[in-house]
Amino acid sequence: MSAFSKKRWLLVGMAGLLLAAPAVFYPVFLMKLLCFALFASAFNLMLGYTGLLSFGHAAFFGGAAYVTGYLLQSQGVGTLTGIACGVLFALVLGALVGLLAIRRQGIYFAMITLALAQMVYFLCLELPQTGGEDGLQGVPRGSLLGLNLSNDLTLYYVVLAFTGAGILLIWRTIHSPFGRILLAIRENEPRALSLGYDVARYKWLAFVLSAGLSGLAGALKTLVFKFATLTDAHWHQSGEVVLMTILGGIGTLTGPLLGAATLVTLEDQLADKVGSLVTVILGATFVICVLLFPRGIVGAASEFIERLLGKSSPPPLP
Amino acid sequence: MIDIFGVPLLALLGQMLLGLVNGSFYALLSLGLAVIFGLLNVINFAHGAFYMMGAFAAWGLLTWTGIGYFGALLLVPPLIGLLGLVVDRLLLKRIAHLDPLYGLLLTFGLALVLEGGFRYQFGVSGESYEVPESLQGALDVGFMVIPKYRLWVIVVSTLVCLSTWLIIEKTRLGSYLRAATENPTLTQAFGINVPLMISLTYGFGVALAGLAGVMAAPIFQVAPLMGSNLIIVVFAVVVIGGMGSILGSVVTGLGLGLVEGLTKVYWPEASSTVVFVLMALVLVLRPAGLFGRSA
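So the sequence lines, in the order shown, correspond to chains A and B. Taking this note's numbering, the leading residue of the first sequence gets 715, the next gets one more, and so forth. Taking this note's numbering, the leading residue of the second sequence gets 7, the next gets one more, and so forth.
Do not take every clue at face value.
DEER-style ranges, computed between Cβ atoms [said to hold, decoys possible]:
1. A/723 to B/198: 52 to 62 Å
2. B/276 to A/724: 50 to 60 Å
3. B/179 to A/742: 41 to 51 Å
4. B/165 to A/743: 36 to 46 Å
5. A/988 to B/17: 15 to 25 Å
6. A/802 to B/127: 38 to 48 Å
7. B/127 to A/841: 30 to 40 Å
8. A/843 to B/273: 17 to 27 Å
Since the hints were made in silico from the structure, they are not lab data. Ideal Cβ positions, reconstructed from N, Cα and C, are used throughout, including at glycine.
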């Protein structure tokens, strides 16, 4: 069996599992998992494939969550329009933040995105439309193409379709010539520049795409939980998506999915047992992950397999 | 009564003073960040957590041992600095060979652990800490009345910042530090213990945060999350000032505090975001920061 068809079977198997999953798990939990899987994958497009650590992705996630929630609740627009406007908002915000942030690299990029995201957080707190400390509660899900979304199971398949499309888009992007150029920038920016590529433009495009997909994840999250709160836009959320991606394995397609699944499950299990100690456990996971396996679960696993097979040493860390 | 753009002069001066107090904290914290960044190439995300622990240490000393404010001012910074040494030896040294971003991530995790732990122990609302007796009351300087403690904070933090600058620019130890920042390998080849200097520098930077925490305790509520929102403003201050110069981070810190205070007078809603807007402007006009060298 060739490698290609093996991959295809794996994909078919995964799709089958996801379609059947609501029979075993609680749909809302699965939907949360899907939303964060998309969020982490979108984030990974920046960190893993362009080499830029954004510490402000909560602005796109939370911003879109608020926009979608506000439109659905107070303006009575259709569900699809609500989601589209949320994504549009994230795209525009991403375009603006991106223009500023890509002027610097590395640590500065992280600090700039963090500071700009904090600005969005304050807007979410202070604007009259956002409900202040309470956020938006009781957002109606509405209906999509005649399907009533108040049913959790129906919504699950809708969310699955959206996140699936989003992750497919990321996969296509990474394997396109555009994605190759992003990789080239990550590996050696001056060389990519000297080859004539407009590096700033590529970074900016990747940032906007990543922001838009994060916005999609945020908009879907509002639909699932029927609320948008300050937590969505807080910098802890930005940190959490970084942790998901690092934990799973940066620069791999499956890593963010695995990382998101691990973290969401962990939080779900721990929330009622340890209360506010969750933050401590998250932080400790962060520290341990960075110290012991900076390549994440997927990276560590493939390194282990490669060592078993006696292959060459892994590529250096970014 | 003189009005300036429709605001009474005294109210304006009062807000400017408040702004300078905030600016003193920005200056102390961004100074620590800049010193650490210079040698370790690490953005210390846990800086806000160390600041918070400084305030809690002052509160603890008073509550459990009866040691007052001035005792805390002397005891807490070395204590927090020692903790910083341990953190550097145990954690940061292990990832020194990796991309600086891993340092940011590690200290972010550390900040979560520390803040989460304190929140578990003390709750969200926190404790209050009295202004020491000798610094209570206000000083009448003729045209306005200044609360003594605020003046004290501004003077002390400016003095600390200036002496840090003097140590780094004018002493032998400072010259070692600058050499190690410029070229660690070569400096080590001259027989200077660079790894030790790195640990001491981290300890020193963190001690500055602890000192800021002690001074903040009587002004703000001593609460587990007091540092976590402050630190992001300080990041913006650092981006605006640029990492290049020590004096630059001090001037930027004080200046931005002042700007924030003025915004509170003329456009209160914008006061929480004005620093970030300024950051965006600086990035457009002068990406390396006001005092920075281009990377």
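Problem set entry | Distance restraint hint 30 to 40 Å, applied to the beta-carbon atoms of residue 127 of chain B and residue 841 of chain A | Because 35 Å falls inside the window, the suggested range holds.
Exercise. Is it true that residue 988 of chain A and residue 17 of chain B lie within 15 to 25 Å of each other by Cβ?
Worked result: Violated: the Cβ-Cβ distance is about 48 Å, outside 15 to 25 Å.
For this session: Take a look at whether the Cβ-Cβ distance between residue 179 of chain B and residue 742 of chain A falls inside 41 to 51 Å.
Result: Since the Cβ atoms of residue 179 of chain B and residue 742 of chain A sit about 59 Å apart, the hinted range of 41 to 51 Å is violated.
Exercise. Is the gap between the beta carbons of residue 723 of chain A and residue 198 of chain B within 52 to 62 Å?
Worked result: holds (60 Å)
Exercise. Quick one: are residue 843 of chain A and residue 273 of chain B within 17 to 27 Å, going by C-beta?
Worked result: holds (19 Å)
For this session: Kindly confirm whether 36 to 46 Å is satisfied by the beta carbon distance between residue 165 of chain B and residue 743 of chain A.
Result: Because 56 Å falls outside the window, the suggested range is violated.
For this session: Kindly confirm whether 50 to 60 Å is satisfied by the beta carbon distance between residue 276 of chain B and residue 724 of chain A.
Result: At 52 Å between Cβs, range holds.
Problem set entry | Satisfaction of the hinted span 38 to 48 Å by the C-beta atoms belonging to residue 802 of chain A and residue 127 of chain B | holds (44 Å)
In summary, the structure is inconsistent with hints 3, 4, 5 from the numbered list given earlier, while agreeing with the others.
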